[in-house]
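Trainee: Single-letter residue listing:
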Amino acid sequence: MNKKLNTIKILNLTFTLTLTLLSLTGCYEHFPLKQDISRTQNKFLNQDSIEVKFPELVKGKITLMAMVYTHCPDICPMTTHNMQLAESKLSEKELDKVRFVVITFDPNRDKPEVLKKYGEIRDINFSRWNFLTGDEQNTKEVMLKFDVKAVPADSSYDADGNLSYYIIHTDRISLIDQDGVLRKNYVGSIADVNEIVNDIKYLLE
Amino acid sequence: MNLLLALLIFFSSPDDKIKIKEPWMRISAKGQTTALFMKIENTTDIPDTLYKVECDFVNRAEIHETYQKDDMMGMRQIPFIVIPPKSTFELKPRAHHIMLIKLKREIKKDDEGEITLFFKNAGKLTVKAKAQEMKMPKMEHKH
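So the sequence lines, in the order shown, correspond to chains W and F. Throughout, my numbering is defined as the position within the first sequence, counted from one, plus 2. Throughout, my numbering is defined as the position within the second sequence, counted from one, plus 2.
Since the hints were derived computationally from the structure, they do not count as laboratory data. Quick caveat: nothing in here was measured; it's all calculated off a predicted structure. Don't take each hint at face value.
[Said to hold, decoys possible] Covered stretches of chain F (chain W as the covering partner; in silico rule of three or more C-beta atoms under 8 Å from a C-beta of chain W):
1) 27-38
2) 68-81
3) 98-106
[To be verified] Here are the simulated DSS-like cross-link-like pairs (lysine-lysine), alpha carbons at most 27 Å apart as the crow flies:
4) W:Lys119 - W:Lys61
5) F:Lys132 - W:Lys151
6) F:Lys19 - F:Lys126
7) F:Lys104 - W:Lys113
8) W:Lys151 - W:Lys113
9) W:Lys119 - F:Lys94
10) W:Lys91 - F:Lys132
Note that the Cβ used here is the ideal one computed from N, Cα and C, for glycine as well.
In isolation and in its complexed conformation, chain W is listed as follows (with noise of 0.2 Å):
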């Protein structure tokens, strides 16, 4: 009886003494992901035509990243509607170390002029937003790195002889820290966004 307490003890203790070490050496972390998503560039076009990078583009700031296409009418602009929610939620002072980052992964019909309809319409503030076009290869790499899948689905053929297609497509927004490192997704069009809100200013401390 008394071999089996000793053993409850040390395990306890095994296991008081590992939480201890874990949180001392920051390995029990706050976000579930750590991964540093800077270490490669790539070149896109923003929504006034202006050839950027990134994440080079938002060196130094928290953002709210999310990978969409404009003819998306109901998830896509969902995502979009909460990163808004979530900028509305966060005061000036903290919106100086805070940006938005939405790159398509439908790069042939979303050219940046109609990246820029897409976001004027909802009275986007680019001043704080970025929404992003690119190649192939570009928007293809991006895509592995933040491990979101978009595959062309239904498509049709309208009066005019236009090809209108579908694309089925991850759901997601993720957060990256001020060193450039993704620290969480979230599921876009259904994303708690005081979750979103606590986390950024959880960084921000």
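Got chain W; can you put chain F on it based on the hints?
Mentor: What follows is chain F alone, placed relative to chain W:
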């Protein structure tokens, strides 16, 4: 009051077989695509079917559903929606919606647009939908 009465008549089929409640569409830019949502109430004892949608401010309107495959979301056209008797079917974000493809004009917040719905039993029904980014939660009034 008169206006409210007029609106109620407007959103109902002549003999109230179908009632359309809370129609709204998502804001979108000219040339882009958006979605229309609403609640469709079938007040009759037999099922009714929404099989066609027409709208003069878009290139074409289709009945769609949003679906999930693993961790991905997609959408596809469906031929019709059946509204069971004495029940309400909701077209809502992340589910069934009317896809408004290639807008002929931009739809800003609070803009309105007319959409014609075709039902097998109730016939043709025209609704007026207001534009917003997301459906606003209903406010509770306490007196």
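Trainee: Now look at each hint and say whether the structure bears it out.
Mentor: So, going through the hints one by one against the coordinates:
1. Interface restraint, the segment 27-38 of chain F with chain W: holds (10 residues with C-beta to C-beta distance below 8 Å; minimum three).
2. Here the segment 68-81 of chain F counts 9 residues with a CB under 8 Å from a CB of chain W, which clears the bar of 3, and the coverage holds.
3. With a threshold of 8 Å between beta carbons, the proposed coverage of the segment 98-106 of chain F by chain W holds, since 5 of its residues qualify and at least three are required.
4. Of the pairs offered as hints, the one joining lysine 119 of chain W and lysine 61 of chain W holds, with about 26 Å between alpha carbons and a cut-off of 27 Å not exceeded.
5. Between lysine 132 of chain F and lysine 151 of chain W, the direct Cα distance comes to roughly 33 Å. Violation of the 27 Å bound is thereby established for this hinted pair.
6. Between the alpha carbons of lysine 19 of chain F and lysine 126 of chain F the distance comes to roughly 11 Å, so the proposed pair stays at or under 27 Å and holds.
7. Pair hint lysine 104 of chain F plus lysine 113 of chain W holds up; C-alpha atoms about 16 Å apart against a cutoff of 27 Å.
8. For the proposed pair lysine 151 of chain W and lysine 113 of chain W, the alpha carbon gap of about 20 Å is at most 27 Å, so the pair holds.
9. The suggested pairing of lysine 119 of chain W with lysine 94 of chain F holds, with an alpha-carbon distance near 24 Å, which does not exceed 27 Å.
10. Proximity of lysine 91 of chain W to lysine 132 of chain F is assessed by CA-CA distance (about 26 Å); at most 27 Å being required, the pair is judged to hold.
Checked against the numbered hints given earlier, this structure breaks only hint 5.
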